[in-house]
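The listed protein sequences derive, respectively, from chains R and G. Going by this note's numbering, the letters in the first sequence line up with residues 3 to 443, in that order. Going by this note's numbering, the letters in the second sequence line up with residues 10 to 375, in that order.
The hints are simulated quantities; they were obtained by calculation from the structure and are not laboratory data. Because the structure is a prediction, the values reported are computed rather than measured. Even for Gly, the Cβ is constructed at its ideal location relative to N, Cα and C. What you were told as hints is all true, and nothing was included just to trick you.
Reference listing, derived: stretches of chain G covered by chain R, where coverage requires no fewer than 3 residues with Cβ under 8 Å from a Cβ of chain R:
id : region
1  : 254-263
2  : 302-308
3  : 324-331
Now for the letters of each chain:
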Amino acid sequence: MTWRRIAPWVILAITLLALYIDIPRKSTGATFLPLPDSVRTVLGLDLQGGISVTLEVQAVSGEEPTPERVELARTIIERRVSGIGVTEPQVRTEVGANGQARIVVEVPGVSDRNQVLDLVGSTGQLFFVDSAGAELQRGQSIIDLVADGTVRILFDGGEIQEGSVVPDTSQTGQLGVSFTISPEAEAIWCDYTTAHQNAYGPIALDGEIITSPLIQQPICGGRTIITVGAPGTETSVSQTTLYNQLRFGALPVSLQVQEVTAIQPTLGRDFLNQALIAGIVGLALVLFFMIANYRLPGVLASLALLFYTLVVYAVFRLVPVTLTLAGVAAFILSIGMAVDANILIFERMKEEIRAGKTLGPAIEAGFNRAWSSILDSNVSSLLVAGWLFWQGSSVIRGFALVLAIGVLVSMFSAVVVTRTLLRMVIHREWGRRIELYHVER
Amino acid sequence: MYDIVGKRRWYYLFSALITIPGLIFIALGGLKPSIDFTGGTVWQVRFLDDPSAADVQAALVALDHPEAIVEEVDGGFLEVHLEPIEFPIVGGIPTPAPTSSPSLAPSAMPSPSATPAPSGSVSESPSVTPSPTATPSPTPTPAPEASPPPPPTVEGTPIEELVQELEAQFGFSETRSLDTVGAIIGSELIRSSIIILAVGEAFILLYLWYRFRSIRFGAAAIVALVHDVIVVVGAFAILGYFFGVEFDALFVTALLTVIGFSVHDSIVVFDRIRENRLRHAGESFGAIVNHSILQTMGRSINTSLTVVATTAALLLLGPVTIQTFTLALLIGIVSGTYSSIFNASQILVTWEEWSAKRKARRSATR
Chain R
3 MTWRRIAPWV
13 ILAITLLALY
23 IDIPRKSTGA
33 TFLPLPDSVR
43 TVLGLDLQGG
53 ISVTLEVQAV
63 SGEEPTPERV
73 ELARTIIERR
83 VSGIGVTEPQ
93 VRTEVGANGQ
103 ARIVVEVPGV
113 SDRNQVLDLV
123 GSTGQLFFVD
133 SAGAELQRGQ
143 SIIDLVADGT
153 VRILFDGGEI
163 QEGSVVPDTS
173 QTGQLGVSFT
183 ISPEAEAIWC
193 DYTTAHQNAY
203 GPIALDGEII
213 TSPLIQQPIC
223 GGRTIITVGA
233 PGTETSVSQT
243 TLYNQLRFGA
253 LPVSLQVQEV
263 TAIQPTLGRD
273 FLNQALIAGI
283 VGLALVLFFM
293 IANYRLPGVL
303 ASLALLFYTL
313 VVYAVFRLVP
323 VTLTLAGVAA
333 FILSIGMAVD
343 ANILIFERMK
353 EEIRAGKTLG
363 PAIEAGFNRA
373 WSSILDSNVS
383 SLLVAGWLFW
393 QGSSVIRGFA
403 LVLAIGVLVS
413 MFSAVVVTRT
423 LLRMVIHREW
433 GRRIELYHVE
443 R
Chain G
10 MYDIVGKRRW
20 YYLFSALITI
30 PGLIFIALGG
40 LKPSIDFTGG
50 TVWQVRFLDD
60 PSAADVQAAL
70 VALDHPEAIV
80 EEVDGGFLEV
90 HLEPIEFPIV
100 GGIPTPAPTS
110 SPSLAPSAMP
120 SPSATPAPSG
130 SVSESPSVTP
140 SPTATPSPTP
150 TPAPEASPPP
160 PPTVEGTPIE
170 ELVQELEAQF
180 GFSETRSLDT
190 VGAIIGSELI
200 RSSIIILAVG
210 EAFILLYLWY
220 RFRSIRFGAA
230 AIVALVHDVI
240 VVVGAFAILG
250 YFFGVEFDAL
260 FVTALLTVIG
270 FSVHDSIVVF
280 DRIRENRLRH
290 AGESFGAIVN
300 HSILQTMGRS
310 INTSLTVVAT
320 TAALLLLGPV
330 TIQTFTLALL
340 IGIVSGTYSS
350 IFNASQILVT
360 WEEWSAKRKA
370 RRSATR
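For reference, chain G alone in the conformation it holds in the complex (with noise of 0.2 Å):
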């Protein structure tokens, strides 16, 4: 029979290996927030000219827009980067004064031959007559939400001007997608996305900690899902600072599978230990782990690799617009894997015997 437990410490020192240097990366600075976090417009276009992204950049920082960044992507389009589009405040103002259009202007016709009939018909319909309640109209008050007139109307909107400015300068335009994201909604999904990932973890930590009476399940199981978040993010610093991947907010939701995963892992060896100390009383806790971790092992690897098949199809012929999402999820569910057999149960085999260590010298000093 394989000892797996026996070799554990090499099992964390490949962890650290893989951990570390994504670890280093997050410290450079190499996660790359895409505009989801950071604020920001991304749009792709093309025009009728076929300008080069080194032209549309000119005209865009002559344009006043110094910060655009401006790519060739697939099809023949541009992609333009710029800060978040900055839009007027609308709404809220008291109605402006009588203001018709003059087409529209009101004119007081001559009335025709009134027709007088006999009112009162109760009608489902809707009607209008004179009031009867003689409520006295207020004069007009000032409305209280009443404040400094902003600009009355806005010619067509921010975007509308930029892409009239550039396509009287390189023709029509297509656009195929745009995405403006203000700072505010940008930075508080950093936080959100923080503490979703942490109450989740801990809710795990609890159901473990109950199903199985005892906290070193649960600590174990999330020792090796912190495990995969670091491998994961640390992939994407790695990825970010070499090739400018960035991360977007289904990053967050990526997390998210990857964690229910690797738990989904690691509770199917605990069941297995749960199971195993009560048929193997006598065996010592590392034996019954090393039993369990075997005897487990082909549905671990078996699950794991239709999950991956299934990710894998995603990734190579799923939209662009999600393989960081797909990405992120293979690199995890694959650490998912290794990390519930190989830090997981490790962590129990390494913590009994820590604690047995202590009690032994404890009743020795006695």
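This is chain R alone, in the form it adopts within the complex (with noise of 0.2 Å):
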């Protein structure tokens, strides 16, 4: 089997993978045929709308925080934001030109700047709630069992003595976070943990429960133990999750609001729809010259253009790329530079035809002969597209992404699907004739 053999097949099942990829589940309700979740096509703030908000982390009396300090407020914010938005919020840590750490919060699909504002910017609130022993599931608002009266507040994070919080394994061997709380918690503490001996005694951050661990024995005075679970077992909270809840209930730096930037959905999705539209046109546009210029090979570099616009946007959803304004018009432009590489190998295919070539030996002369061209321009591209991905800012970078696909993808489409299609098309006694090829003498 030679490639010129398998070729056809392979790029036919790229296209059927790629079809396969890009139909969208969700918004049609198609059933069939699943995908994982993890791909989907991800849209930048921009055109879904949102908050985006960049915390700048500051020095304190002079000390600048840890790494791990501001990894931990990084994970507290984003502990705090998830939920709140259409999908999942994303919180990052970055550095900035003059050094300072910053902690970037996105929040897609909101509206309500102040409600992101606020919690990206509340010091973090601990409870031990009273539930009467129930066990109380993961998740639910500490504000509603309140309200209804399921539960009452025993005390909050406050009564945690400052530098107690250590990592801890109990007598039973099992891994968890022991701390000693204030003379007064601790009365509470002992009233309650006699009272609901073998039963829960669950703890809420930030309004929401997070764990209900089992009371094993009265504790009164000395250290309170949480334990999570024998080591090595999967466990329904980390040790390290519940010393950072623990210790650093509230953030653990300091931060100030650098940047907001808020769009509303609708304005996001006004903008998705242009950019669309535009998007159509443009390719039909380049779809219109390449047939209207090059006729028969204009019409399988047509083709080829497809399949690049099926696999680029299946690439997207594969890794997945989240798609900025600028990224969609980088898409947008990259299908009109797609066919430079058609262009370059029709025209040299046209040159020798005209030199006396007859059409199998001029095609694969204009593959042969424009490869080189093809070649400097895409790696020159992609040096350029590494350059910015290493460097730039996140915008950039997604930029830089889009580009890099592209320049990949479209050398295979245009080079290999053009290359298969074209040798397919001249097997047959119609696919020589040599006025479908428009070449002028």
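Combine both chains into one complex, guided by the hints.
Here is the structure:
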């Protein structure tokens, strides 16, 4: 089996696979051919609307916070904002050009910026809860529970004594976190744990139940340990998480909002629709131009361009690439550039035909001679894309990723796909008619 | 056959004519950076009472925002320009002393009868027990990060305060978009953009040097793309000077795309020159370049047309927010096609003839 024989099948397989990935599942309600949830179209904040907040970590008394603390603050903020948007929020740390650490919070699909700003800017609140011994589901809202009388607050995380929280191991060898609490809270805790031995003492953070530990013995004075399970077993909440939450219920670093961007979801949708219409018109113009100018090869290049569009979109969904407005613009632009290799090849083909070559050799010569130009220009594009991806800010990185994917896929579509299609066509009688190649003498 | 190379002085003149006005307006400060670079606030909002831009501006000045500029935009929305909105510093404070709100106040409830049960059942679920480790609990030490206590709670965010003040005067509001950028983030963007552009160009120079075994090709391509960058930046300086058109963070991205496109074009011509040099070894370098340009002209124009078609579709039909981006691309792509044919390749000829002359002179003096 030579490559020439299997190439059509490889291309067909890639096309089908790309189609399979591209078909939207949720919006169309298509339940056939399931896809993992990780495969999806991720739109940037500017296209789906939402709020982005950039917080700069502040030095306190001239002391820079450690990276661990910044990471902890990030985790705390991530916990706080998760669940308020339509899709999951993103919270990441960055280092600004001035060397200060930053936390970037992106909450898509919401328009209530004050909700986000309040969550980001509040100090974390931890509650020990009286559930009359009942086990509470993780994630339940503490406000709802208190409002309908299911629970009472025993005391809050402020009662945990500074610096007393340590990762610990219980007598039975279970991993946990231990701490001491203030004398006032100790009395309440002693009463509750005595009354509800072998029942549950739930804990809430930032308004939600995060864990419902089993009370094994009355706790009256000394250290309390909350265990999460034996080492090596899967636990509902990890020791580190619990430690972080007990120790740093409040934000461990000082933060100041530096940048807020809020876009109404409807405005984002308008932008997306406008960009899509522009993309479809742009694609149609390029297809028309290629067919009008190159006839049969133009038709094949158009098929290759459709292949390109399908595959690039599939890659976007697979990675997944966050598509911002700039990214979509780059994608649309890349449709115009993707045919560049085809144009190079076809122009060269025409030259070879004019120089007296017959069709078959002219096609092969067109591809072979144009190859070095295609390679050089695409490698230089990839170099720039790589540099941008390595160096740039998140907006520029997104753009660079779109650019690089576009370049790689276009090399395959313009060279391999078009060539395979042309080879298939010239095996047919009708495919060898020279007027289909639009060679002006 | 057309003689393109012979008229190269005219192309240099033309390039000077299109770059010099741009440079003049750059020097005149025509470039208007957006808040992405300077820091500031842009806020698109409308109010129930549909106040005029002047009313809202007056209200903002009264609210201690003398820098406010309010303009009417589409859809009955107003666009408000302000300084960056200052936010208070939050977090990093030791947890305050027990201050539960009254409704949630802990009360020492008398405990019901304790039900003793055998403990020690190993469960995978979380549990609480007294800790066996008799770690002496340290007396509360002041946390190292303790700082003079800042205001304990902030009543709403600074944006919220402003919104409430304005709503009190003009009725309910709807915010379509809001963007506030601190001055720190803005100023570093300019620096990092320049570095990104410069190093990107250096990579291209090195790659072309390697591929064409001559620094001339790399240098000529760089001259052409610097030409394109000046044309685009200059065009925005002129637009900024006369129409107040601003350039934003995406503008840098557009410049990078233009650079990529310009280099593509130059490489295609250079590649042909390299090929033709082997085939027509006897001919003069100028003639070879002339052939190469004519042979690749069809491709250059056609590729330009397809890219211009997609860019124009974006400019005319796409969202307003990326209009500066697409406009910069459109100008740059046309300039890129021109410069690769009429600058990059011509510089190679000029350079070749100049060094040939110098060689001849040197051998004559010897």
